[in-house]
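Colleague: As they're listed, the protein sequences go chains A, B and C.
For the first sequence, our numbering gives the first residue as 1, with consecutive numbering after it.
For the second sequence, our numbering gives the first residue as 1, with consecutive numbering after it.
For the third sequence, our numbering gives the first residue as 1, with consecutive numbering after it.
Check before you lean on any hint, since a few could be wrong.
Listed below are the simulated SDA-like cross-link pairs for lysine to any residue, each with C-alpha atoms no more than 25 Å apart in a straight line [said to hold, decoys possible]:
#, chain 1, residue 1, chain 2, residue 2
1, A, Lys262, A, Leu252
2, A, Lys118, C, Phe96
3, B, Lys126, B, Asp114
4, A, Lys262, C, Gln138
5, B, Lys126, B, Arg65
6, B, Lys106, A, Lys133
7, B, Lys155, A, Tyr134
8, C, Lys126, A, Met186
Treat the hints as calculated values from the structure; they're not laboratory data.
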Amino acid sequence: MDALLHQVLAGLATGGIYASMALALVMIYQATHLVNFAQGELAMFSTYIAWSLIEAGMPYWAAFFLTVGFSFVLGVVIERVVIRPVEHAPVLAVVVVFIALLVILNSVTGWIYTFTIKTFPSPFPEQPLFGNKYMSSHEIGAICVTMVVLVLLYAFFRYTPLGLAMRAAAQNPESSRLVGIRVGWMLALGWGLAAAIGSVAGMMVAPIVFLDPNMMGGVLLYAFAAALIGGIDSPGGAVFGGFLVGVLENVLGAFVIGNELKLAVALVLIIGVLTVRPSGFFGKVHVTRV
Amino acid sequence: MAFLEATNLHAAYGQTRVLHGMNFAMDEGTITTLLGANGAGKTTTLRALCGMVRTEGQIQFAGQRVDGRATEDIVRLGIAHVPDGRGTFVNLTTEENLRLGAYTRKDRDNVEPDLERIYGYFPRLKERRAQQAGTLSGGEQQMLAVSRALMLRPKLMLLDEPSFGLAPLIVKELFGILRAVNEKERVSMLVVEQNAAMALNLADRAYVIETGRVVLSGLSADIRKDDAVRRAYLGY
Amino acid sequence: MKKSALIGYAVLLAIACALPFLVSEYRTFQFTLVLVYSIALLGLNILTGYNGQISLGHGAFYAIGAYVAAILMDKAGFPYWATIPLAGAVCLVAGFLFGLPALRLEGLYLALATFALGVSLPQLLKYHHLEGWTGGVQGIVITKPDAPEFLASLGLTLNQDQWLYFFTLAVTLVMFLLAWNLLRGRIGRAMMAIRDNHVAAEAMGVNNAMVKSLTFGVSAMFTGVAGALGAIAIQFVAPDSFNIFLSLTFLIGMVIGGVASISGALYGALFIQFVPNVADEISKAAPWAIFGLFLLGFTYLMPLGIAGAIRMGLARLTRKAHNSQPVENMIRPHSPKEENP
Numbered sequence: 001m002d003a004l005l006h007q008v009l010a011g012l013a014t015g016g017i018y019a020s021m022a023l024a025l026v027m028i029y030q031a032t033h034l035v036n037f038a039q040g041e042l043a044m045f046s047t048y049i050a051w052s053l054i055e056a057g058m059p060y061w062a063a064f065f066l067t068v069g070f071s072f073v074l075g076v077v078i079e080r081v082v083i084r085p086v087e088h089a090p091v092l093a094v095v096v097v098f099i100a101l102l103v104i105l106n107s108v109t110g111w112i113y114t115f116t117i118k119t120f121p122s123p124f125p126e127q128p129l130f131g132n133k134y135m136s137s138h139e140i141g142a143i144c145v146t147m148v149v150l151v152l153l154y155a156f157f158r159y160t161p162l163g164l165a166m167r168a169a170a171q172n173p174e175s176s177r178l179v180g181i182r183v184g185w186m187l188a189l190g191w192g193l194a195a196a197i198g199s200v201a202g203m204m205v206a207p208i209v210f211l212d213p214n215m216m217g218g219v220l221l222y223a224f225a226a227a228l229i230g231g232i233d234s235p236g237g238a239v240f241g242g243f244l245v246g247v248l249e250n251v252l253g254a255f256v257i258g259n260e261l262k263l264a265v266a267l268v269l270i271i272g273v274l275t276v277r278p279s280g281f282f283g284k285v286h287v288t289r290v
Numbered sequence: 001m002a003f004l005e006a007t008n009l010h011a012a013y014g015q016t017r018v019l020h021g022m023n024f025a026m027d028e029g030t031i032t033t034l035l036g037a038n039g040a041g042k043t044t045t046l047r048a049l050c051g052m053v054r055t056e057g058q059i060q061f062a063g064q065r066v067d068g069r070a071t072e073d074i075v076r077l078g079i080a081h082v083p084d085g086r087g088t089f090v091n092l093t094t095e096e097n098l099r100l101g102a103y104t105r106k107d108r109d110n111v112e113p114d115l116e117r118i119y120g121y122f123p124r125l126k127e128r129r130a131q132q133a134g135t136l137s138g139g140e141q142q143m144l145a146v147s148r149a150l151m152l153r154p155k156l157m158l159l160d161e162p163s164f165g166l167a168p169l170i171v172k173e174l175f176g177i178l179r180a181v182n183e184k185e186r187v188s189m190l191v192v193e194q195n196a197a198m199a200l201n202l203a204d205r206a207y208v209i210e211t212g213r214v215v216l217s218g219l220s221a222d223i224r225k226d227d228a229v230r231r232a233y234l235g236y
Numbered sequence: 001m002k003k004s005a006l007i008g009y010a011v012l013l014a015i016a017c018a019l020p021f022l023v024s025e026y027r028t029f030q031f032t033l034v035l036v037y038s039i040a041l042l043g044l045n046i047l048t049g050y051n052g053q054i055s056l057g058h059g060a061f062y063a064i065g066a067y068v069a070a071i072l073m074d075k076a077g078f079p080y081w082a083t084i085p086l087a088g089a090v091c092l093v094a095g096f097l098f099g100l101p102a103l104r105l106e107g108l109y110l111a112l113a114t115f116a117l118g119v120s121l122p123q124l125l126k127y128h129h130l131e132g133w134t135g136g137v138q139g140i141v142i143t144k145p146d147a148p149e150f151l152a153s154l155g156l157t158l159n160q161d162q163w164l165y166f167f168t169l170a171v172t173l174v175m176f177l178l179a180w181n182l183l184r185g186r187i188g189r190a191m192m193a194i195r196d197n198h199v200a201a202e203a204m205g206v207n208n209a210m211v212k213s214l215t216f217g218v219s220a221m222f223t224g225v226a227g228a229l230g231a232i233a234i235q236f237v238a239p240d241s242f243n244i245f246l247s248l249t250f251l252i253g254m255v256i257g258g259v260a261s262i263s264g265a266l267y268g269a270l271f272i273q274f275v276p277n278v279a280d281e282i283s284k285a286a287p288w289a290i291f292g293l294f295l296l297g298f299t300y301l302m303p304l305g306i307a308g309a310i311r312m313g314l315a316r317l318t319r320k321a322h323n324s325q326p327v328e329n330m331i332r333p334h335s336p337k338e339e340n341p
């Protein structure tokens with residue numbers, strides 16, 4: 001029972017990270033109906049930037065916020081420069097561009113930083129909180145950071161005029177133009193936010209899986225599974241899906257299929273959801289027009 | 001110089017030309033109606049004025065050329081378009097829809113009083129302010145669309161078939177409010193309509209369009225009285 | 001086929017046959033791999049270029065073909081040449097089976113599902129319950145075949161690399177002929193109809209489900225055959241060589257060579273085989289950065305790939321102007337203003 005509880009709690013911690021990444025994916029999907037295959041590499045690249053800052057002597061939280069800001073700008077730039085030309089292109093062209101982004105980010109990171117694994121510090125203490133034996137301080141801290149990010153995002157979209165404009169632009173670009181919203185910039189902002197969220201996810205996961213250019217591959221897969229389970233156009237669903245996938249991964253990995261096939265869990269979930277219930281738990285069913 | 005003037009306006013969707021050299025104008029503070037059968041190009045005309053289709057020719061608004069400019073920029077000059085199909089943000093609440101109408105306004109302090117004024121015109125919208133806009137009835141959504149345009153404090157409103165799908169009584173109520181807004185707040189209006197009778201009652205001037213060209217123009221009072229014209233162009 | 005094209009292909013074939021005698025053994029080996037990749041790319045192109053189903057996980061079929069060959073040779077003592085059709089058959093079935101659930105997935109969603117397959121592939125291959133067959137993390141080593149004896153009796157001595165090259169060349173010719181025949185026939189037209197407008201295709205009487213699943217199967221078969229040939233050439237299969245980057249390499253090769261083009265498979269194969277060699281001199285990470293940049297460049301500037309560029313160039317040279325019909329681009333840039341009401 002103890003072991004199960006431990007796995008569930010650890011699953012919630014990684015689940016929070018998956019939830020953040022899934023949320024980033026859903027944000028971009030809602031605004032553009034595109035799946036951002038490069039989301040993981042963006043997050044990974046940002047985490048390396050943070051690492052550089054910390055190595056240069058910057059205190060953790062300063063580096064953290066600077067990285068988040070940098071990631072935001074990077075996301076905006078990528079949307080305006082790389083994605084915008086193919087916004088209305090056939091699907092294959094879009095996929096190709098995303099893959100290109102993925103491999104460029106991956107290889108440039110490897111070029112600059114080499115492929116040797118590095119350690120990434122956690123801002124949270126080594127000792128478990130209150131000496132508990134279920135969760136490390138980092139795991140608790142990661143959940144807290146995730147929750148803060150989610151709450152801030154929710155408040156932004158729900159209560160600010162800019163958040164409202166972004167929601168409008170994602171739902172109905174034409175009507176948005178009619179009220180003067182610059183839809184193109186809303187998309188860029190969406191990318192910026194998604195990149196920023198991804199950087200937080202990366203910095204939270206790096207202490208656990210260690211920093212290397214390929215660290216986000218698995219995380220991205222789980223995030224995809226989470227987003228699909230929750231409904232690829234439902235932010236709330238993405239969050240729910242993230243935590244669910246985190247717990248499933250850990251519990252199934254520890255007790256059912258063994259740790260080496262954990263990625264297969266994501267694969268099965270993805271294919272399962274796509275074939276059985278493509279709209280996920282909370283998403284809308286789509287009718288394709290001819 | 002007229003308040004709004006289109007000179008030799010052509011418009012096309014892809015390779016298909018829809019407007020062929022339209023010429024029309026309106027003065028500030030008036031209501032003008034664009035009449036014509038289905039497919040005549042009425043909706044396209046409004047979309048052309050907003051920069052939503054590819055155009056050739058000149059469009060002047062309040063002394064500035066607006067042809068070729070982006071929709072978002074034209075809106076910021078004070079033109080509010082109530083589109084064909086209403087363009088409601090169906091997943092947002094009624095009030096969120098209205099607030100979006102005021103998105104570009106610089107005078108933030110006046111937004112709240114304007115909101116209350118709109119609720120005054122349309123009490124049913126106030127009742128449903130927190131409701132998801134997609135759940136409103138057709139008539140209510142039309143009122144919402146008009147209200148959203150009013151929240152912009154526009155100088156010019158473009159309305160695309162505001163009577164579409166509404167019961168006659170509701171249309172009367174709506175047009176009454178439009179008249180009131182036009183008189184009290186000096187908002188100019190260009191109304192596209194298929195319901196010629198009601199439109200001619202509302203408007204000062206009328207243009208009749210046929211296959212992308214203006215075929216008739218005049219004071220609506222005159223057109224209303226001219227049986228031959230009415231029967232030939234408006235079918236009644 | 002036009003006479004000029006026939007002559008062109010004959011020349012190409014002659015060069016191909018002369019090659020192993022003109023270059024070093026290592027180069028011959030590299031060209032063998034070019035042939036292998038061209039078959040793989042042809043497979044991917046059949047699915048994605050001609051039928052519009054995007055696969056980011058085709059490395060899986062390559063891996064299956066490779067492992068089938070390796071296991072048959074290592075555990076069952078099959079001769080190398082017999083493993084090729086068997087690998088093809090296994091992959092044909094596997095592809096068809098995968099194609100069935102894929103029927104319900106469009107565009108991005110299929111890309112996503114195949115991406116997931118590609119990422120999780122190494123883990124699946126390392127699964128310890130299968131270790132008895134797959135050799136686990138260490139993989140399987142294969143012995144390189146020698147040239148058959150009857151050739152020696154004809155006075156022709158070929159070393160292993162040369163023989164393998166010719167064997168692969170023969171298989172490549174067969175596969176290309178197969179593809180060419182398939183694509184210009186009824187099924188090929190049905191495939192393309194589905195790609196361009198699947199609802200209209202169904203309305204015109206095409207059995208979408210059947211054609212799409214079959215296409216998946218055929219595409220997998222091609223790539224599986226390539227995998228088997230590749231395994232024999234490299235003499236080694238191991239899980240980590242079949243990671244997501246293999247699938248992405250195929251995607252890149254297809255795009256650069258030319259989508260929906262048979263000759264594109266060859267150009268793409270040359271690209272993915274030789275560019276990394278050159279790029280490696282610069283840095284270990286450079287090949288992928290270059291791949292990515294080329295991908296972006298081609299997407300924006302040369303959407304039809306090398307094959308398309310050559311085709312257009314030739315057309316301009318021979319002044320066979322394509323009258324008023326514009327060549328279809330991979331990107332159709334248009335602003336929202338041009339959308340229909």
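Colleague: For the pair we were handed, A:Lys262 and A:Leu252, check the Cα-Cα distance against 25 Å.
Modeller: 8 Å, holds
Colleague: Are the Cα positions of B:Lys155 and A:Tyr134 separated by 25 Å at most?
Modeller: It is violated: about 65 Å lies between the C-alpha atoms, which goes past 25 Å.
Colleague: Hinted pair, alpha-carbon criterion (25 Å max): C:Lys126, A:Met186. Please report holds or violated.
Modeller: Violated, at roughly 44 Å.
Colleague: Need the status of pair B:Lys126, B:Arg65: alpha-carbon distance at most 25 Å?
Modeller: Violated, because 38 Å separates the two Cα atoms, which is more than 25 Å.
Colleague: Holds or violated: are the alpha carbons of A:Lys118 and C:Phe96 at most 25 Å from each other?
Modeller: Answer violated: A:Lys118 to C:Phe96 is near 43 Å, above 25 Å.
Colleague: Within a Cα-Cα threshold of 25 Å, do A:Lys262 and C:Gln138 meet the stated pairing?
Modeller: 20 Å, holds
Colleague: Take the C-alpha atoms of B:Lys106 and A:Lys133, compute the straight-line distance between them, and say whether it is at most 25 Å.
Modeller: 56 Å, violated
Colleague: For B:Lys126 and B:Asp114, compute the direct alpha-carbon distance and say whether it is at most 25 Å.
Modeller: OK: B:Lys126 and B:Asp114 at ~13 Å, within 25 Å.
Hints 2, 5, 6, 7, 8, counting from the list given before, are not met by this structure.
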